[in-house]
Amino acid sequence: MNRRKTAVSIAATTALGVSACGGGPTALGDDQAISNGKLTLAVVTDMSGTYSALTGKGSLEAVKMAVDDYQEKYGSDAVAQEIEVLSADHQNEPDIANTKARELFDRQGADAIFDVPSSAAALAVADLAEEFQRIYINVAAGSTDLTGSACNEYTYHWAYDTEMLARGSAATLTQRGEKNWYIVYPDYQFGQDMTAAFTTHIEANGGKVLGTDATPFPNDNFAASMTKALEIKPDVIATMAAGSDLTNFVKQYNEFGLAEAGIELAVGAMFDTDVESIGATQMSGTLYTTDWFWNQDDEAREWADDFKARLDVRPTAVHAGDYSAATQYLEAVQRAGTDDADAVAEELDGHEFEDMFARNARVRSEDHRMIHDSYLTVVKEAKDVQEAFDYTELVETIPADEAFGPPSSSCDLG
Amino acid sequence: MTTFLQASLNGLVSGGFYALLAIGLAVIYGMLRVANFAHGAVYMLGAFGAVILYDMFGTPFWAALVVVPVVIAAGGVVVERTLIRRLVPLDPVYNFLLTFGLALIIQDLVRLNYGVVGQPYAKPAALEGRINFGPLEYPTYQFVVLIASIALTCGVWLALNKTKVGMVVRAATERPSLTEAFGVNVNVWMIPVFAFGVALAALAGVMAAPMRSVNSAMGADIVIILFAVIIIGGMGSVLGAVLAAYLVGFLQELAQMYVPAAAGATTFILMAVVLAVRPSGLLGRQEAAR
Numbered sequence: 001m002n003r004r005k006t007a008v009s010i011a012a013t014t015a016l017g018v019s020a021c022g023g024g025p026t027a028l029g030d031d032q033a034i035s036n037g038k039l040t041l042a043v044v045t046d047m048s049g050t051y052s053a054l055t056g057k058g059s060l061e062a063v064k065m066a067v068d069d070y071q072e073k074y075g076s077d078a079v080a081q082e083i084e085v086l087s088a089d090h091q092n093e094p095d096i097a098n099t100k101a102r103e104l105f106d107r108q109g110a111d112a113i114f115d116v117p118s119s120a121a122a123l124a125v126a127d128l129a130e131e132f133q134r135i136y137i138n139v140a141a142g143s144t145d146l147t148g149s150a151c152n153e154y155t156y157h158w159a160y161d162t163e164m165l166a167r168g169s170a171a172t173l174t175q176r177g178e179k180n181w182y183i184v185y186p187d188y189q190f191g192q193d194m195t196a197a198f199t200t201h202i203e204a205n206g207g208k209v210l211g212t213d214a215t216p217f218p219n220d221n222f223a224a225s226m227t228k229a230l231e232i233k234p235d236v237i238a239t240m241a242a243g244s245d246l247t248n249f250v251k252q253y254n255e256f257g258l259a260e261a262g263i264e265l266a267v268g269a270m271f272d273t274d275v276e277s278i279g280a281t282q283m284s285g286t287l288y289t290t291d292w293f294w295n296q297d298d299e300a301r302e303w304a305d306d307f308k309a310r311l312d313v314r315p316t317a318v319h320a321g322d323y324s325a326a327t328q329y330l331e332a333v334q335r336a337g338t339d340d341a342d343a344v345a346e347e348l349d350g351h352e353f354e355d356m357f358a359r360n361a362r363v364r365s366e367d368h369r370m371i372h373d374s375y376l377t378v379v380k381e382a383k384d385v386q387e388a389f390d391y392t393e394l395v396e397t398i399p400a401d402e403a404f405g406p407p408s409s410s411c412d413l414g
Numbered sequence: 001m002t003t004f005l006q007a008s009l010n011g012l013v014s015g016g017f018y019a020l021l022a023i024g025l026a027v028i029y030g031m032l033r034v035a036n037f038a039h040g041a042v043y044m045l046g047a048f049g050a051v052i053l054y055d056m057f058g059t060p061f062w063a064a065l066v067v068v069p070v071v072i073a074a075g076g077v078v079v080e081r082t083l084i085r086r087l088v089p090l091d092p093v094y095n096f097l098l099t100f101g102l103a104l105i106i107q108d109l110v111r112l113n114y115g116v117v118g119q120p121y122a123k124p125a126a127l128e129g130r131i132n133f134g135p136l137e138y139p140t141y142q143f144v145v146l147i148a149s150i151a152l153t154c155g156v157w158l159a160l161n162k163t164k165v166g167m168v169v170r171a172a173t174e175r176p177s178l179t180e181a182f183g184v185n186v187n188v189w190m191i192p193v194f195a196f197g198v199a200l201a202a203l204a205g206v207m208a209a210p211m212r213s214v215n216s217a218m219g220a221d222i223v224i225i226l227f228a229v230i231i232i233g234g235m236g237s238v239l240g241a242v243l244a245a246y247l248v249g250f251l252q253e254l255a256q257m258y259v260p261a262a263a264g265a266t267t268f269i270l271m272a273v274v275l276a277v278r279p280s281g282l283l284g285r286q287e288a289a290r
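The listed protein sequences derive, respectively, from chains G and R.
Counting in this note's numbering, the final residue of the first sequence is number 414, and the numbers go up one at a time with none missing.
Counting in this note's numbering, the final residue of the second sequence is number 290, and the numbers go up one at a time with none missing.
I should point out that these hints are in silico values taken from the structure, not numbers from a laboratory.
Every value quoted in this text rests on a predicted model; they were computed, and no experiment measured them.
All the given hints hold, so there is nothing to weed out.
If the Cβ cut is set under 10 Å, some of the chain R residues that face chain G in the computed set are:
1) Pro120
2) Ile222
3) Gln252
4) Gln256
5) Pro260
We treat Cβ as the ideally placed atom computed from N, Cα and C, and that holds for glycine.
Assemble the whole structure, with the sequences as input and the hints as a guide.
Here you go:
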């Protein structure tokens, strides 16, 4: 960390030296367009905890890939000639996220922050984006508050949210006749939000929530939930657990024979990394909603191959979302001709685009949610799996306009 | 009623795991007066041992049950001889620093190699499916784990109370200096006792692999519960630790069943109550509380 800081300050000194010596009109021109002479993108993420496989260094790499592609595309025409990518580990703690993001904005001159898993941390960074008037594009957190009561002019929400997941899984399954639900959720913000969103869509489609069960987080023992479900006998048991908790849940769902008892499993939020750790055999047939999977088409596969060449794993939807967010941010800087946050935000607002991650995409100017197609998917049968991480099969595409909720009335961007 | 019975079984299964782990902690504490905060990491290593053996050599679960605890216990002996034994005469703060530091190192080494994503591990085909007890149906594997942990705890209790070796260990646990005076080399006895405690934790890890998520953090959470268990049972008392382990597992499950909001707190409420009524724990002696 110290070494990086030194490198940064040397770079800054050199830039100063060049302009002080009258380094030519180009350098001066760049200085005006880009504050400090360089564009700084920062990835605030979980480098070692529960969400680090889903986000972590993959998110950092995805942003670096976006920078490389931008530089290759525009070469000497790029508005931002010098681009630096920083990262900070927030350990899923809102207060650490707050301190790190403040330092990035305040001391290290970050122009934009990306990723930020875990809702509480994500919301803490949104406040700072408003305070420092810099761009913040959240990719990894699910809270709809980012584009609701906590929305602001500089905060964007790029990938999935709890509403998108509920619309995909809860609404679709209930319409298919799975009317009676039992929901098990970890007792913190994300779990509570997901349960509320699922309940709304289950009931709106004529279904019923027979019971809910709050569990501690983290939790390695779901025996009580399984016992209760066997007693209530719902059509579907839905879990809002993530990461290793989800692994535990699915292992125990299989052990206690809920599938044989005719109780289907629906997972609130799931990523390829989860299937990898549980094993496709135990997961096959499980329905879930996602907004990207690496094997969805040629464009996604091509990017996933590049990603694999760099990190030796397949990217998650969050990694792809980070790539898209950074790419569209850089494109907005290019169109605006400056890194000034207000000018960039103006370019982003209402922008319609297609990229490797987002299809039929539009950045809503009302609340800064980026809407795009989402997909109801199912985990493949073990015999159909061709290689590691090849687990997802498309069931149904949910068009961008229906995939996300309407702009919230509690968000007013003036 | 069926539901209550099922919940009780769930509780006993949890309790069985806690008991296997707590026995190890209790005997190590009793003999060395070292609170081994790396015990959870050993449990995690046990689970990873099973996964690694299977991935590299295709070693079946049954063989892993024997091989993993033996290998890990051997490693434990090295650590005991080189590091842990130096703690015996030192201030307890060093004990905490060393064992907690060891736990972090082990955990991070595993994380470096395997990441934080859980590793898949299938249970043996013979233990797939469920057993019927009249109206009650229970996962075979979990039931076998329960029986195995009860058998092991009984075995340990018998060994400690009915054999000559057990007598020496108990004596050395309760009055180390007096035992020395009778010509028993307590220092030498620390090796098998430490190895035994570590092997039990590794065994619990192997048994957990098919039913829990195998990841680098799996030992970090359980170690907190374990310390509550041995405090409730009475520091150093093996029987106390076993009783407390089943009690804690049982209460946790019933709470999760009927008052989910309180499930996480039950263990600590129990600990607070026990400490208020019996400061040295359920079966602890006054001396142990020093």
